[in-house]
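S.K.: Take a look at the letters that make up each chain.
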Amino acid sequence: MKYILPKHELNALLERWSAEYAVLAPQKAGAYSEFLPFTAQSELCLEEPHNTRYPPKALFFPQSEAILKYKRNLGQLESIEAVPQKRVIFGIRPCDAKAVTLLDTVFAEGDNQDPFWLARRAETLLIGLGCNEPGATCFCTSTESGPFHTDGLDALLTDLGGEYLIELLSERAAGLFSGLESASSAQQENAQAVQTAAEQALPKAFELDGLKDKLDRVFDQDVWAQLSESCLGCGICTFLCPTCFCFDLVDEAQRDTRVRNWDTCMFRVYSLEASAHNPRPTRKERTRQRLMHKYSYWWEHAGKLGCTGCGRCVRYCPVGLDIRAMLRKASAYESEALHAN
Amino acid sequence: MDNKPKIAFFQCQWCLYAPEDQEWVDSRLPENIHLIKVPCTGRIDPLFVLNAVQGGADGVVISGCLPEKCHFKEGNLAARRQLVEFTSFLDYIGYDQERVRFVWLDLQDRGRIQRELADFESQISRLGPAESLATRVPLSEGGAND
Amino acid sequence: MTEMEAKIRTEAARLLSEGLVDVVVAFRKEDAPLRPQPAFFTNVEDLENLVYNGLCANNLANYLTRFPQETRIGMLVRGCENRSVNALVVEKQHSRQNLYLIGIPCTGIIDWRKVVALTGEDILTYEDSAHTLTVRARHQTFALPRQELLHSSCLRCVHPNPLSADIVLGEMLPEGDPALIRERVESFEALTRSERTAYFKQEAERCIRCYACREACPMCYCEECFVDHNAPRWTESGTTPAGTHAWHIIRAFHQTGRCTSCGACERACPMDIQMTYLTDKLGKDMWDSYQFAAGMDDQTQPPFASFTLDDKKHFQVGGKQS
Numbered sequence: 001m002k003y004i005l006p007k008h009e010l011n012a013l014l015e016r017w018s019a020e021y022a023v024l025a026p027q028k029a030g031a032y033s034e035f036l037p038f039t040a041q042s043e044l045c046l047e048e049p050h051n052t053r054y055p056p057k058a059l060f061f062p063q064s065e066a067i068l069k070y071k072r073n074l075g076q077l078e079s080i081e082a083v084p085q086k087r088v089i090f091g092i093r094p095c096d097a098k099a100v101t102l103l104d105t106v107f108a109e110g111d112n113q114d115p116f117w118l119a120r121r122a123e124t125l126l127i128g129l130g131c132n133e134p135g136a137t138c139f140c141t142s143t144e145s146g147p148f149h150t151d152g153l154d155a156l157l158t159d160l161g162g163e164y165l166i167e168l169l170s171e172r173a174a175g176l177f178s179g180l181e182s183a184s185s186a187q188q189e190n191a192q193a194v195q196t197a198a199e200q201a202l203p204k205a206f207e208l209d210g211l212k213d214k215l216d217r218v219f220d221q222d223v224w225a226q227l228s229e230s231c232l233g234c235g236i237c238t239f240l241c242p243t244c245f246c247f248d249l250v251d252e253a254q255r256d257t258r259v260r261n262w263d264t265c266m267f268r269v270y271s272l273e274a275s276a277h278n279p280r281p282t283r284k285e286r287t288r289q290r291l292m293h294k295y296s297y298w299w300e301h302a303g304k305l306g307c308t309g310c311g312r313c314v315r316y317c318p319v320g321l322d323i324r325a326m327l328r329k330a331s332a333y334e335s336e337a338l339h340a341n
Numbered sequence: 001m002d003n004k005p006k007i008a009f010f011q012c013q014w015c016l017y018a019p020e021d022q023e024w025v026d027s028r029l030p031e032n033i034h035l036i037k038v039p040c041t042g043r044i045d046p047l048f049v050l051n052a053v054q055g056g057a058d059g060v061v062i063s064g065c066l067p068e069k070c071h072f073k074e075g076n077l078a079a080r081r082q083l084v085e086f087t088s089f090l091d092y093i094g095y096d097q098e099r100v101r102f103v104w105l106d107l108q109d110r111g112r113i114q115r116e117l118a119d120f121e122s123q124i125s126r127l128g129p130a131e132s133l134a135t136r137v138p139l140s141e142g143g144a145n146d
Numbered sequence: 001m002t003e004m005e006a007k008i009r010t011e012a013a014r015l016l017s018e019g020l021v022d023v024v025v026a027f028r029k030e031d032a033p034l035r036p037q038p039a040f041f042t043n044v045e046d047l048e049n050l051v052y053n054g055l056c057a058n059n060l061a062n063y064l065t066r067f068p069q070e071t072r073i074g075m076l077v078r079g080c081e082n083r084s085v086n087a088l089v090v091e092k093q094h095s096r097q098n099l100y101l102i103g104i105p106c107t108g109i110i111d112w113r114k115v116v117a118l119t120g121e122d123i124l125t126y127e128d129s130a131h132t133l134t135v136r137a138r139h140q141t142f143a144l145p146r147q148e149l150l151h152s153s154c155l156r157c158v159h160p161n162p163l164s165a166d167i168v169l170g171e172m173l174p175e176g177d178p179a180l181i182r183e184r185v186e187s188f189e190a191l192t193r194s195e196r197t198a199y200f201k202q203e204a205e206r207c208i209r210c211y212a213c214r215e216a217c218p219m220c221y222c223e224e225c226f227v228d229h230n231a232p233r234w235t236e237s238g239t240t241p242a243g244t245h246a247w248h249i250i251r252a253f254h255q256t257g258r259c260t261s262c263g264a265c266e267r268a269c270p271m272d273i274q275m276t277y278l279t280d281k282l283g284k285d286m287w288d289s290y291q292f293a294a295g296m297d298d299q300t301q302p303p304f305a306s307f308t309l310d311d312k313k314h315f316q317v318g319g320k321q322s
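Residue numbers (this note's numbering), protein chains in the order written: chain A, 1 to 341; chain B, 1 to 146; chain C, 1 to 322.
The hints are simulated quantities; they were obtained by calculation from the structure and are not laboratory data. Fair warning: this is a prediction, and the values are worked out from it, not measured in the lab. Every residue, glycine too, gets a C-beta built ideally from N, C-alpha and C. Among the hints, erroneous ones may be present.
Only part of the chain A face toward chain B is listed, based on derived beta-carbon distances under 7 Å [what the hints assert, rightly or not]: (1) Q254; (2) R255; (3) D256.
Computed list of lysine-lysine pairs in DSBU-like fashion (alpha-carbon distance at most 30 Å, straight line) [claimed, not checked]: (4) B:K73 - C:K92; (5) C:K201 - A:K71; (6) A:K204 - C:K114; (7) A:K69 - B:K4; (8) B:K69 - A:K71; (9) A:K69 - C:K114; (10) B:K37 - B:K73; (11) B:K37 - B:K4; (12) A:K28 - C:K201; (13) C:K29 - A:K204; (14) C:K92 - A:K28; (15) A:K214 - C:K29; (16) C:K201 - B:K4; (17) B:K69 - B:K37; (18) A:K204 - A:K284; (19) A:K204 - A:K214; (20) C:K7 - A:K329.
Take these sequences, add in the hints, and give me the full structure.
M.R.: Okay, here's the thing in structure tokens:
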């Protein structure tokens, strides 16, 4: 089903949803857009060519989350219940929605499923907004995704200028759009044209085919030292990444709470062992790890690519490192250095 | 304020020359004053003071020896520069400078520590509770878990 | 290639080809739009990738502590970078003899975020000149006045000239007005206590503990940072208020007498958190109390490392704290 919604009716629609759901949508509290609770006074921030700075994975997997409380000296433990909450996340970009499905692989499948993740996922609808003019740091089309891909979405909006075309993708979201006008065939064609133009505006930044094998083959080579030499080893790329999922469990004993925090393989202490041995002793090993995990190990562990091309790591790297260029260089190195006669 | 103010008291182990003063601190310190004994004020890292503030301290007292009287010769001088600046820095972000008192003690200051602590406590009572940076208060003392 | 780039490349080529340095630390052309990258040049041939312009946003002195003391380093230094190098030499992080500083009087670093706010995202090329940044975006070309794009630390810069470079390329610039830094600290001090706390919290609580500020800062080079200490655990490691407050308070405080107000911390921060209002206050106090400013030479010890018995004039007997 495809609907049409004039832009000036958007806020009213979200208000209607607010009667039944907690609605979150991109808004600016300060200089940048982030997913904030929608209220009648909200000014939505939907016109930017790129996604929010802070990734919406935090809406399912908060950066710091208390998971257990205890009363010292009384021996009382209280686990913190994971309670499903009916939510609509509106305006999520296809790269981020696909990333949520990738994180399902980690948190919602197999033997050890995360109750906190499951609770947040269970009753949350993802209503996506495609990207008409992907930003200069976007590369979803290189990662088996695209500016109007539908993985993980319950509905997808296409901006047609004065109105949105809404494509319903799952039954559970049907109620959100009841009463809206159906899109005409002209409008549907228009949407199709917008989507195609967006895809074409984003040529591939690197060749994904065969990339995993190439990266595996250059694992021990010097190229990694060159690629990582200016890397600061901060956590920006991993924390802003919508598919990174590593975490640390800490007892904040002073507050009688056990907390789960995001962790990052980019920090030296991440792989530092109690003996003081560190299997990733320098920046080279750690930067290499990040690329290999996304572009090689994810294939091995999950049969999927671990990156959706959202571009945050490129946009916000303080030293301008560009994962697309790094992959091209590693790949080229493999072709030239290992196969040169 | 119904409850007595929570006071963190960092005491250099050498600064109470009179044995009865040390004995009073060790066994008759009021319950709302939390004693942390250190080998020298030079041992006091600003992180200790921050921990006290985040833990809910409404006031902090630091007692040590006078210059030239430091058991370790210069420890109190190192403390002096860092901790005084840290106090000024905390005031800059809103934790009133009046909530941190330095008491530098000498041989003739028998009985002074009790007076200082009592005087400080009434000063803190007048200032009221310091809530703004108290983010690591234990659950059992009314802290939050989030 | 600009005239300045040509001069830098020539000097770098000379240093490398004459074997005077083992590496030249400068910037190379960007992969991502508006983001030239810090780079380490060891071959003359690679110098064709060397660039220098207002988008070179990192403090290169940060990389000094990556090299062993014996490495002879040629480094591009603007005003703040030279002072950071001095501060590091004072702390014995490298031997001055093994440094060759290529000094550049600096007209300010451009904040790329201010650029994209005006031009949008689709930037193809840009050109930085004395007064204008020309940006060619996909649909439009912009000529932006440089002054409006500078990072806020650069707007308050007092010492844009390299103080102790081995060679200075370009004309020295007039010194900035120290009152700018002082006034900003004083206007913060003039707010009420609760306004100051509210501002501090509003900034600090956006922190995502990525530690980009720490990693971008030349003076943060501790092998074990206080946040990584486990026994005892000084600060919370997550994004709780306890953790984020402690991080910003203590990191700033550890810069007392060491920070050169370069602003690299703020430029690195992905959440646009303000931090220099904290370090500038500490710097002002070090000047007022000890007449000390970090990085002005490579000899003078900072105040927290140089306490003396003369401090006793501040101790008071008889009740009053000093």
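S.K.: Would the hint linking A:K214 and C:K29 be met if the CA-CA limit is 30 Å?
M.R.: 26 Å, holds
S.K.: Hinted pair, alpha-carbon criterion (30 Å max): C:K29, A:K204. Please report holds or violated.
M.R.: 21 Å, holds
S.K.: Does A:R255 hold up as a contact with chain B if the rule is Cβ-Cβ below 7 Å?
M.R.: This interface hint holds because 6 Å falls under the 7 Å limit.
S.K.: Between B:K69 and A:K71, does the CA-CA distance stay at or below 30 Å?
M.R.: The hint is violated at about 44 Å.
S.K.: Straight-line Cα separation of A:K69 and B:K4 no greater than 30 Å?
M.R.: With a Cα-Cα distance of about 27 Å, the restraint between A:K69 and B:K4 holds, given a limit of 30 Å.
S.K.: A:K204 and A:K284 were given as a pair; does the straight-line alpha-carbon distance stay at or below 30 Å?
M.R.: 26 Å, holds
S.K.: Would the hint on A:D256 stand, with a C-beta cut-off of 7 Å toward chain B?
M.R.: At 4 Å from the nearest chain B Cβ, A:D256 passes the 7 Å test, so the hint holds.
S.K.: Decide if the proposed pair is consistent with the structure: B:K73 and C:K92, CA atoms, cutoff 30 Å inclusive.
M.R.: Cα-Cα ~25 Å, so holds.
S.K.: Run the distance test for C:K7 versus A:K329: straight-line Cα separation, threshold 30 Å.
M.R.: Roughly 29 Å separates the two Cα atoms, so the pair holds.
S.K.: With a cut-off of 30 Å on the C-alpha distance, tell me whether C:K201 and A:K71 pass.
M.R.: Since the Cα atoms of C:K201 and A:K71 sit roughly 28 Å apart, the hinted pair holds (cutoff 30 Å).
S.K.: Are the Cα atoms of A:K69 and C:K114 separated by 30 Å or less?
M.R.: 44 Å, violated
S.K.: Going by Cβ atoms only, is A:Q254 closer than 7 Å to chain B?
M.R.: 5 Å, holds
Comparing the model with each numbered hint stated earlier shows that hints 8, 9 and 14 do not hold.
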